[in-house]
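Assemble chain B onto chain A, guided by the hints.
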Amino acid sequence: MQKRLPVFFAILFLWASSCNEETPVSKTSREKIIVTDLDHEPIAKDLLSKLQGKASNGRISSLEIKDAFFKYEDPDSGVLNYTFPLPDKSPEYFENMILSKYDDGFYGFIYRYIPDENYIKGESFRGTLQQFDLEENLIGEFTIPFEQDSIYAGGRTQLLNQCVQSIEQKCVTTYKVETVTDYPCHCQYDRRTQLSSVCTFSFNMGMCDDMTTAPPGGGGTYVAMGSGPSPKAGGGGSGGNTTGTIKPKTNPVVIVVPENDLYVGDKCVACIENLLKNPCLKMVAKKVLNPALASTFNNLIQDIFNKNDKVNLIIKEGSLTKDAAIGSTNPAAIENGIMSVTVTLDPTKLAQSSQERIASVIYHECFHAIVNSLSNNSYSGDEQHIVMFTNKLDLLAQALAAVYPAMSLGDAKGMILVGLIAKDGGMSPEGDKWPTPFVDKVLSYSHFTRSQIDIIFKRYETFHTSGTACD
Amino acid sequence: MKLSIHQVQHVINHTSFVIKMILMSQLIIGCRHNATKNYILPDFETNKSISEISKSIRNITDEKDFAVVYTIIPGDMNLEVYPIKMFCLKDSTWEKIEIRRGIIELDSLYTQGDPDVVEKDIILKKVCRKIEGESFLKKLTTYNLFTMQEEFQLKKRCEEIRTDNKVPEYTDLGFSSFYIIHGSNVRNLTYQLYNREEDCPSMTEWEDIEKIISLYEDEWYSKNH
Numbered sequence: 001m002q003k004r005l006p007v008f009f010a011i012l013f014l015w016a017s018s019c020n021e022e023t024p025v026s027k028t029s030r031e032k033i034i035v036t037d038l039d040h041e042p043i044a045k046d047l048l049s050k051l052q053g054k055a056s057n058g059r060i061s062s063l064e065i066k067d068a069f070f071k072y073e074d075p076d077s078g079v080l081n082y083t084f085p086l087p088d089k090s091p092e093y094f095e096n097m098i099l100s101k102y103d104d105g106f107y108g109f110i111y112r113y114i115p116d117e118n119y120i121k122g123e124s125f126r127g128t129l130q131q132f133d134l135e136e137n138l139i140g141e142f143t144i145p146f147e148q149d150s151i152y153a154g155g156r157t158q159l160l161n162q163c164v165q166s167i168e169q170k171c172v173t174t175y176k177v178e179t180v181t182d183y184p185c186h187c188q189y190d191r192r193t194q195l196s197s198v199c200t201f202s203f204n205m206g207m208c209d210d211m212t213t214a215p216p217g218g219g220g221t222y223v224a225m226g227s228g229p230s231p232k233a234g235g236g237g238s239g240g241n242t243t244g245t246i247k248p249k250t251n252p253v254v255i256v257v258p259e260n261d262l263y264v265g266d267k268c269v270a271c272i273e274n275l276l277k278n279p280c281l282k283m284v285a286k287k288v289l290n291p292a293l294a295s296t297f298n299n300l301i302q303d304i305f306n307k308n309d310k311v312n313l314i315i316k317e318g319s320l321t322k323d324a325a326i327g328s329t330n331p332a333a334i335e336n337g338i339m340s341v342t343v344t345l346d347p348t349k350l351a352q353s354s355q356e357r358i359a360s361v362i363y364h365e366c367f368h369a370i371v372n373s374l375s376n377n378s379y380s381g382d383e384q385h386i387v388m389f390t391n392k393l394d395l396l397a398q399a400l401a402a403v404y405p406a407m408s409l410g411d412a413k414g415m416i417l418v419g420l421i422a423k424d425g426g427m428s429p430e431g432d433k434w435p436t437p438f439v440d441k442v443l444s445y446s447h448f449t450r451s452q453i454d455i456i457f458k459r460y461e462t463f464h465t466s467g468t469a470c471d
Numbered sequence: 001m002k003l004s005i006h007q008v009q010h011v012i013n014h015t016s017f018v019i020k021m022i023l024m025s026q027l028i029i030g031c032r033h034n035a036t037k038n039y040i041l042p043d044f045e046t047n048k049s050i051s052e053i054s055k056s057i058r059n060i061t062d063e064k065d066f067a068v069v070y071t072i073i074p075g076d077m078n079l080e081v082y083p084i085k086m087f088c089l090k091d092s093t094w095e096k097i098e099i100r101r102g103i104i105e106l107d108s109l110y111t112q113g114d115p116d117v118v119e120k121d122i123i124l125k126k127v128c129r130k131i132e133g134e135s136f137l138k139k140l141t142t143y144n145l146f147t148m149q150e151e152f153q154l155k156k157r158c159e160e161i162r163t164d165n166k167v168p169e170y171t172d173l174g175f176s177s178f179y180i181i182h183g184s185n186v187r188n189l190t191y192q193l194y195n196r197e198e199d200c201p202s203m204t205e206w207e208d209i210e211k212i213i214s215l216y217e218d219e220w221y222s223k224n225h
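Chains as they are written, first to last, in the numbering used here: chain A, 1 to 471; chain B, 1 to 225.
Just so you know, the hints here were simulated from the structure itself, not pulled from any lab data. Owing to the predicted nature of the structure, the values given are computational and were not obtained by experimental measurement. Some clues are possibly wrong.
Claimed, not checked - Within a straight-line C-alpha distance of at most 30 Å, the following computed DSS-like cross-link-like pairs (lysine-lysine) qualify:
| id | chain 1 | residue 1 | chain 2 | residue 2 |
| --- | --- | --- | --- | --- |
| 1 | B | K55 | A | K310 |
| 2 | B | K120 | A | K349 |
| 3 | A | K322 | B | K139 |
| 4 | B | K85 | B | K125 |
| 5 | B | K211 | B | K55 |
| 6 | B | K90 | A | K349 |
| 7 | A | K433 | B | K156 |
| 8 | A | K322 | B | K96 |
| 9 | A | K458 | B | K211 |
| 10 | B | K55 | A | K316 |
| 11 | A | K316 | B | K155 |
| 12 | B | K155 | A | K349 |
| 13 | B | K155 | A | K322 |
To be verified - Label pairs and their in silico Cβ distance ranges:
| id | chain 1 | residue 1 | chain 2 | residue 2 | range |
| --- | --- | --- | --- | --- | --- |
| 14 | B | K126 | A | K287 | 45 to 53 Å |
| 15 | A | L374 | B | R129 | 52 to 60 Å |
| 16 | B | S56 | A | K307 | 45 to 53 Å |
| 17 | A | S451 | B | E219 | 54 to 62 Å |
| 18 | B | E80 | A | N290 | 26 to 34 Å |
| 19 | A | K316 | B | T147 | 29 to 37 Å |
| 20 | B | I131 | A | D471 | 48 to 56 Å |
| 21 | A | D471 | B | I104 | 20 to 28 Å |
| 22 | A | T462 | B | S56 | 21 to 29 Å |
| 23 | A | P42 | B | E160 | 46 to 54 Å |
| 24 | A | K316 | B | R101 | 44 to 52 Å |
| 25 | A | D303 | B | T147 | 32 to 40 Å |
| 26 | A | D88 | B | V117 | 51 to 59 Å |
Unchecked claim - To be clear about the criterion: a stretch of chain B counts as covered by chain A if any three or more of its residues have a C-beta under 8 Å from a C-beta of chain A, and this derived list gives those stretches:
| id | region |
| --- | --- |
| 27 | 75-81 |
| 28 | 155-165 |
| 29 | 168-175 |
Beta carbons: idealized from backbone N, C-alpha and C, even for Gly.
Just chain A, with the same shape it has in the complex (with noise of 0.2 Å):
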């Protein structure tokens, strides 16, 4: 027994030192970019009182954070900056107002960004950026993506170089629970300079993946001293704003953001999960559910899902063979304050099939998706059909024929009402099929025949004379 004792201590000291070892990923990585919430971020909440006690500024001293709000943290540089979006003031353009971290203390700018006419909503920010201070006083103009002649006003922040090619990173969340888990994300790295960029975000989906400014030179807002880790490298403070004076990991603001998927441990907030492994209804439900695509449809589902932290849709593979399915929808199901809803497709069901007929039956499943996340699960199948084939139908046509142009919107139309003739249950239809008169009836709305579904059915899937193929 006694011979044992050592091997048993060493065990138990081993197990001991592991679980001295389990220290938050937050801590420990290297250039974080972490989703985070006052609750979690006491220098933050510090901050925001102390600026909010002196503000002149209105909007700031009444600024209420009460979601989500990004930081990014590099302890070996010592950059420390948080970003908040700010409410909207006119629809011309977004702000967020951010927070960084310098050798003398935290200053504020708040960014504002005016998109140019070539801006489509979900893709890379295109425009203009305009830094101000916290007193709205305008420090620095650049354009998106940057010119080298952008205007400089003595801000902290300037143009350093044109564009660097962004890399992923890994980010962690903190939001809301007290999870931290890596996810990827793209932060900005200039591999000519090695300055590594701090990386901040731009809410509202302004996305800007090339961006990188200079050390800061002056301007912004003093707001405090704040108590976060210090610097290891210098903040280049010293008012000196001299193009080209790059003093390497004194690194500046920038803002990426190509990804807006945040988790929250192995949860996706804000989401839109594309679990889905064939690649051709991979590639589908990423071509239909892209948010640069200009849909109504589409805005509709980017909206609900994909900037909305409390609702997310989840679509995956299974078998829906035992009952004859091809695509299915869940019901809304609330998680930790969390809705999602998943939408299920099955692979072999749509093996052969075009593109255009997969991307019907995605816009079909995701219909469902929108109606349970907006109404709880309060409307039937049936219910969510008759709006989807009558009232409905142009809004999911468009949106088809907008991802495939080469479709006529009467052939998107006969592709989402494909879905009426399979309801059609005959004059004692079973289960949830309709009678025929019925689906006559709501036929009748849309103008179409049900041969000329039938044709258009064909062309797309079982002739293949149109549509695309995946391969």
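Using the frame of chain A, we list chain B on its own:
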């Protein structure tokens, strides 16, 4: 009139022959009448009128003594047509009859083209060996098809055992549909099965329904029945 002994004997013989014939014919008729009753057919509760059954099913089952029909009602957006499979008893013979619907006549496809192709139903029939028919019926009974509650009743029970008291409703699914037909008595059962074993984990009915479906899907023409 006085009958001779010979005549009396003849009358007795004749009468006896007639009685024997009557008895024999009774026996034969009786045997024929009991043919369906050679099997103790399971009782079931009627829930549908025979007039509500589709003509394609009735065309066949009207001539049978007993039938258990299975088919699939496809989900929304699914335009596939599924076969109708019937396990039927006529006299003392069990049959497996399958209607394969919407089979395209190839000639018409080449000569007339879409949309004027000719679609036909093909009816396949297999006369079962006695042991096969009996085994199939026994399995249907073992998996409780004839006493199975309707879906709404199963869901109600499921609701009661769930903590949230709600059974998830999934959109766009199809149904597995059964008809038990005996004369004018009909029981129709339709079920959606997706995720039900997970949704209602302590209920064995969903598993039983899947086993019944598997008899019709996977073991329909196998030698085991």
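Status of each hint after checking the structure:
Distance restraint check for B:K55 and A:K310: the Cα-Cα separation of roughly 51 Å exceeds the 30 Å cut-off, and the hinted pair is therefore not satisfied. Note on B:K120 and A:K349: the hinted pairing holds, with a Cα-Cα distance of about 23 Å set against a maximum of 30 Å. Taken as a hint, the A:K322 and B:K139 pair is honoured in the structure, with Cα atoms around 20 Å apart against an allowance of 30 Å. Proximity of B:K85 to B:K125 is assessed by CA-CA distance (about 10 Å); at most 30 Å being required, the pair is judged to hold.
About 28 Å separates the Cα atoms of B:K211 and B:K55, which keeps this hinted pair within 30 Å; it holds. For the given pair, B:K90 sits about 37 Å from A:K349 by alpha-carbon distance, which is inconsistent with the 30 Å threshold. Between the alpha carbons of A:K433 and B:K156 the distance comes to roughly 22 Å, so the proposed pair stays at or under 30 Å and holds. In summary, the hint linking A:K322 to B:K96 is supported, as the alpha carbons are separated by about 21 Å, within the 30 Å threshold.
Only pairs whose Cα atoms come within 30 Å are accepted, and A:K458 paired with B:K211 is rejected, the gap being roughly 35 Å. Distance hint between B:K55 and A:K316 is unfulfilled; the C-alpha atoms sit about 39 Å from each other, more than 30 Å. Only pairs whose Cα atoms come within 30 Å are accepted, and A:K316 paired with B:K155 is accepted, the gap being roughly 25 Å. Taking the CA atoms of B:K155 and A:K349, the gap is about 27 Å. The hint holds against a cut of 30 Å.
In summary, the hint linking B:K155 to A:K322 is supported, as the alpha carbons are separated by about 18 Å, within the 30 Å threshold. Separation of B:K126 from A:K287 is about 47 Å and conforms to the stated range, judged on CB atoms against 45 to 53 Å. For the hinted restraint 52 to 60 Å between A:L374 and B:R129, the CB-CB distance of approximately 58 Å keeps it satisfied. Our hint of 45 to 53 Å for B:S56 and A:K307 holds, since their Cβ atoms are close to 51 Å apart.
Between A:S451 and B:E219 the beta carbons are some 39 Å apart, a value that contradicts the proposed interval 54 to 62 Å. Between B:E80 and A:N290 the beta carbons are some 30 Å apart, a value that agrees with the proposed interval 26 to 34 Å. Between A:K316 and B:T147 the beta carbons are some 36 Å apart, a value that agrees with the proposed interval 29 to 37 Å. Between B:I131 and A:D471 the CB atoms are about 50 Å apart, so this pair conforms to the stated range of 48 to 56 Å.
Between A:D471 and B:I104, the C-beta spacing of about 26 Å keeps the proposed range 20 to 28 Å intact. One distance hint, 21 to 29 Å for the beta-carbon pair A:T462 and B:S56, holds here, with the actual separation near 23 Å. At roughly 48 Å, the beta carbons of A:P42 and B:E160 sit within the given window of 46 to 54 Å. The hinted window of 44 to 52 Å between A:K316 and B:R101 is violated, with their beta carbons roughly 32 Å apart.
A hinted range of 32 to 40 Å is violated for the C-beta pair A:D303 and B:T147, which are about 50 Å apart. In this structure, A:D88 and B:V117 meet the distance hint of 51 to 59 Å, their C-beta atoms being roughly 58 Å apart. Beta-carbon proximity to chain A at under 8 Å applies to 6 residues in the region 75-81 of chain B; the threshold of 3 is reached and the given coverage holds. With 0 residues bearing a CB less than 8 Å from a CB of chain A, the region 155-165 of chain B misses the requirement of three and the coverage assertion fails.
Counting residues of the region 168-175 of chain B whose beta carbon lies closer than 8 Å to any beta carbon of chain A gives 8, which reaches the threshold of three, so the coverage claim holds.
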